[in-house]
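Chains as they are written, first to last, in my numbering: chain E, 1 to 111; chain B, 1001 to 1117.
It is worth saying that the hints were derived from the structure and are not from the lab. As the structure is a computational prediction, the values presented were derived from the model and not from experiment. Worth double-checking, as some hints may not be accurate.
A short, non-exhaustive set of chain B residues, derived as facing chain E with CB atoms under 8 Å [to be verified]:
id: 1; residue: 1043
id: 2; residue: 1061
id: 3; residue: 1065
id: 4; residue: 1091
id: 5; residue: 1106
No residue lacks a Cβ here, since even glycine has one placed at the ideal position from N, Cα and C.
Take a look at the letters that make up each chain.
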Amino acid sequence: LAKTTQPISMDSYEGQEVNITCSHNNIATNDYITWYQQFPSQGPRFIIQGYKTKVTNEVASLFIPADRKSSTLSLPRVSLSDTAVYYCLVGGAGGYNKLIFGAGTRLAVHP
Amino acid sequence: GAGVSQSPSNKVTEKGKDVELRCDPISGHTALYWYRQRLGQGLEFLIYFQGNSAPDKSGLPSDRFSAERTGESVSTLTIQRTQQEDSAVYLCASSLGTLAGVPYEQYFGPGTRLTVT
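Please work from the sequences and hints to get the whole structure.
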């Protein structure tokens, strides 16, 4: 399974755009990149998933460069309620379904 | 529809006792995962079930930990002779697995908070 590296923590302010980058240098050809969000005292929740280029949904955007060795989760105009831990996962290649959560990035949004 | 449920929500036990944690996955989900999360830390993978295949037990920290799943239904995680370092939130997740190599999202239960005194 591809190992991922992301910042341990980030700080932002309400209304700003937040970009969290994840490195996955040994990503396999068929691996997908998935991001989850976890609030305190809750289980993680799926945010977005992509394979290449750009994916956008109502919550976030995911940017993946051509070499796919990294990816960036972009949260537009964050609010206090976006304070959470964000996890980057890589996997799914060849029908291997197991995804391993790393330590994640702890995002703190300030007023 | 119903999500993933776990029971009990909280469990306090004395060191050395055995505990059993239960997970009810979403109906039809072939994949089931157990994770451990210590206070302030990320998720630690424990075990993975996929359909009727042999489970992936590579994350179990010791032989005191075991898990079972009957078919694609309920799973139980058993911790024998509990130790204080077993205190954590134990999370269960289920998913449809993958389709043509695309991993489906994992749906998490609320977790069981285990405290070993």
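Hints, one by one, checked against the model:
For residue 1043/B, the suggested interface contact is upheld, since its CB lies about 4 Å from the closest CB of chain E, less than 8 Å. Using the Cβ-Cβ criterion of 8 Å, the hint placing residue 1061/B at the interface with chain E is not satisfied: the shortest such distance is roughly 15 Å. At its closest, the beta carbon of residue 1065/B sits 17 Å from a beta carbon of chain E; the interface hint therefore is violated under the 8 Å criterion. Because the smallest distance between the Cβ of residue 1091/B and any Cβ of chain E comes to about 5 Å, under 8 Å, the interface hint for this residue holds.
Of the supplied interface hints, the one on residue 1106/B holds, with its beta-carbon coming within about 7 Å of a beta-carbon of chain E, less than 8 Å.
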